[in-house]
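> The primary structure of each chain is shown beneath.
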Amino acid sequence: MKVEETPLPGIGVRKDIVTASGRRIGTVTQRGGETELIVSRADDPDACLASIPLTAEEASALGNLLGSHEIVAQLTEDHRDLPGVNTRQFLIDVDSPYDGRKLGDTKMRTRTSVSLVAVLRRGQVQASPTPDFTLAAGDLLVAVGTSEGLDAAAEILSGG
Amino acid sequence: MENHSALVLIELGAVFLGLGILGRLAGRIGLSPIPLYLIGGLFFGQGGFVELDGLEEFSEIASEIGVILLLLLLGLEYTAGELVTGLKQSWMAGVLDILLNFLPGAIVALMLGWGGVGALVLGGVTYISSSGIIAKVLTDLGRLGNRETPVILSLLVFEDLAMAIYLPILTTVLAGVSFAGGLQAVGVSLVVVTIVLVIALRFGRTVSAIVDSKDREVFLLTLIGGALLVAGFAAAMQVSAAVGAFLLGIAISGATATNATRLLEPLRDLFAAIFFVVFGLNTDPATIPPVLGYALLLAAITAATKVATGWWAAKRQGVGKLGRARAGAALIARGEFSIVIAGLAVASGAITDELAALATAYVLLMAVLGPVAARLAEPAMRLVLRMTPQPA
Numbered sequence: 093m094k095v096e097e098t099p100l101p102g103i104g105v106r107k108d109i110v111t112a113s114g115r116r117i118g119t120v121t122q123r124g125g126e127t128e129l130i131v132s133r134a135d136d137p138d139a140c141l142a143s144i145p146l147t148a149e150e151a152s153a154l155g156n157l158l159g160s161h162e163i164v165a166q167l168t169e170d171h172r173d174l175p176g177v178n179t180r181q182f183l184i185d186v187d188s189p190y191d192g193r194k195l196g197d198t199k200m201r202t203r204t205s206v207s208l209v210a211v212l213r214r215g216q217v218q219a220s221p222t223p224d225f226t227l228a229a230g231d232l233l234v235a236v237g238t239s240e241g242l243d244a245a246a247e248i249l250s251g252g
Numbered sequence: 255m256e257n258h259s260a261l262v263l264i265e266l267g268a269v270f271l272g273l274g275i276l277g278r279l280a281g282r283i284g285l286s287p288i289p290l291y292l293i294g295g296l297f298f299g300q301g302g303f304v305e306l307d308g309l310e311e312f313s314e315i316a317s318e319i320g321v322i323l324l325l326l327l328l329g330l331e332y333t334a335g336e337l338v339t340g341l342k343q344s345w346m347a348g349v350l351d352i353l354l355n356f357l358p359g360a361i362v363a364l365m366l367g368w369g370g371v372g373a374l375v376l377g378g379v380t381y382i383s384s385s386g387i388i389a390k391v392l393t394d395l396g397r398l399g400n401r402e403t404p405v406i407l408s409l410l411v412f413e414d415l416a417m418a419i420y421l422p423i424l425t426t427v428l429a430g431v432s433f434a435g436g437l438q439a440v441g442v443s444l445v446v447v448t449i450v451l452v453i454a455l456r457f458g459r460t461v462s463a464i465v466d467s468k469d470r471e472v473f474l475l476t477l478i479g480g481a482l483l484v485a486g487f488a489a490a491m492q493v494s495a496a497v498g499a500f501l502l503g504i505a506i507s508g509a510t511a512t513n514a515t516r517l518l519e520p521l522r523d524l525f526a527a528i529f530f531v532v533f534g535l536n537t538d539p540a541t542i543p544p545v546l547g548y549a550l551l552l553a554a555i556t557a558a559t560k561v562a563t564g565w566w567a568a569k570r571q572g573v574g575k576l577g578r579a580r581a582g583a584a585l586i587a588r589g590e591f592s593i594v595i596a597g598l599a600v601a602s603g604a605i606t607d608e609l610a611a612l613a614t615a616y617v618l619l620m621a622v623l624g625p626v627a628a629r630l631a632e633p634a635m636r637l638v639l640r641m642t643p644q645p646a
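So the sequence lines, in the order shown, correspond to chains R and Y.
Take 93 as the starting number for the first sequence in our numbering and just add one per residue.
Take 255 as the starting number for the second sequence in our numbering and just add one per residue.
Do not take every clue at face value.
[To be verified] Label pairs and their computed distance ranges (CB to CB):
#1 P544(Y) with T111(R): 54 to 60 Å
#2 L271(Y) with K94(R): 22 to 28 Å
#3 G215(R) with A463(Y): 50 to 56 Å
#4 V186(R) with A463(Y): 35 to 41 Å
By construction, these hints were calculated from the structure, which means they are not laboratory data.
Heads up, the beta-carbon is just placed ideally off N, CA and C, and yes, glycines get one too.
Please work from the sequences and hints to get the whole structure.
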């Protein structure tokens, strides 16, 4: 996979890849740090169908969502023979009470018997995070448990 | 005395308020405020509806500072590295740009009997695109991620370097120096630009570190002080104050440049607005109608030649037909730098009033036409190609 980097003099830099389906997808990062997600048009690959401004948090959350694809697929595959066990992802929102607090503070295991098996941050995977891992907005938690347990976990992470 | 300053304050306040209203109007209809500022200037002052007294002294120096800030921020916009790669990648398109867009202005000036100096001035006016208007249009239309955008931007980079050579020549020629003197100016400016580029490439960090400061106030004063000093010395050496500021801008790079831009932008907008108004003030609106025909002719020709330039440059980078049309149309806008050139010429007194009137009418047309053309190029091209927009 080749990421093409094109300098935009006076503005910033464009980084994009051409997908197997022929679309150009990437980002334009301006000097001040503002990032836009760009997707090329189908009938005119030179132009952009959309350029969506992303905050730093949104960009990292999006990166985590896309990056978690592989790890979630792997876990689902692992649990296929165990009926009732699901894998789900939770995004730590800016207004989540656990933004800036330790993973142990959620007492997730005790309260819901859900296991948090990985945290994705800025495209990096932190496997088996320890209770003293400090959560931050934009982190994506990968959790394994029963449907009810996962529902409860969602409640806890968004509202305490 | 007190009455006098009270009058000046009232006049200045009224002018700025008026500009604010015009700017708001421009934003409402998606226009660049530059043409409206010019019209504002035409409305007041010499031959206009209202004569403003007592503002000359302030507005003269303020508009000169406006030019210096316009060029300083232009220099800050590009790093030395970008200028060098821009030069390498787009020199062929850049040369075509000069040929296609300088010559129409120069030829019309010669036809009107304005001589070599007039040709040099009007050629410059029709050559230089407005990087301010174009960057804004590209951002507003969400075209930063488009493939033709780097082509447009590197042409603008080339034009800016060409300005660094052109302005010193213009200043010497306007000062009435002989042809040999003009050649010497070319030599001097080439050497100076090269030296500054080398310094910026090698020691950009040192230069930035010298002007940089964590304290906003100190940083601002250092920047303005440095720019005015360099501009003043450049002017004293007949190399054009504006180019001095431009070169200082190039030498400052990295985070320092980004911070400097953020800090100076509001000041530039203020002083540049004064500059545009003063230019309009000094132009008698009655001189415009006689040259309007020529302005329209030049507008039509140089819109077509800019489209041709952009089309060719984008084609060379493998961009499709729609993108080529977008690149060409985006380059049409002329604005602040055309007025800077005309303003320098007017200040020197070496050109006729008609030239200033023609330049004003021309920029008024192009600053309005440019963004409109940039918007319409794609649908127009689709019509030509009989393409219907497909759902994504």
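> For L271(Y) and K94(R), compare the CB-CB distance with the range 22 to 28 Å and indicate the outcome.
violated, 54 Å
> Does the beta carbon distance between G215(R) and A463(Y) stay inside 50 to 56 Å, or does it fall outside?
violated, 33 Å
> Taking the Cβ atom of V186(R) and the Cβ atom of A463(Y), is their distance within the range 35 to 41 Å?
For A463(Y) against V186(R), whose Cβ atoms are near 36 Å apart, the range 35 to 41 Å holds.
> If I claimed the Cβ atoms of P544(Y) and T111(R) lie 54 to 60 Å apart, would that claim hold in this structure?
holds, 58 Å
Figure legend: structure checked against the earlier numbered hints; hints not met, in rising order: 2, 3.
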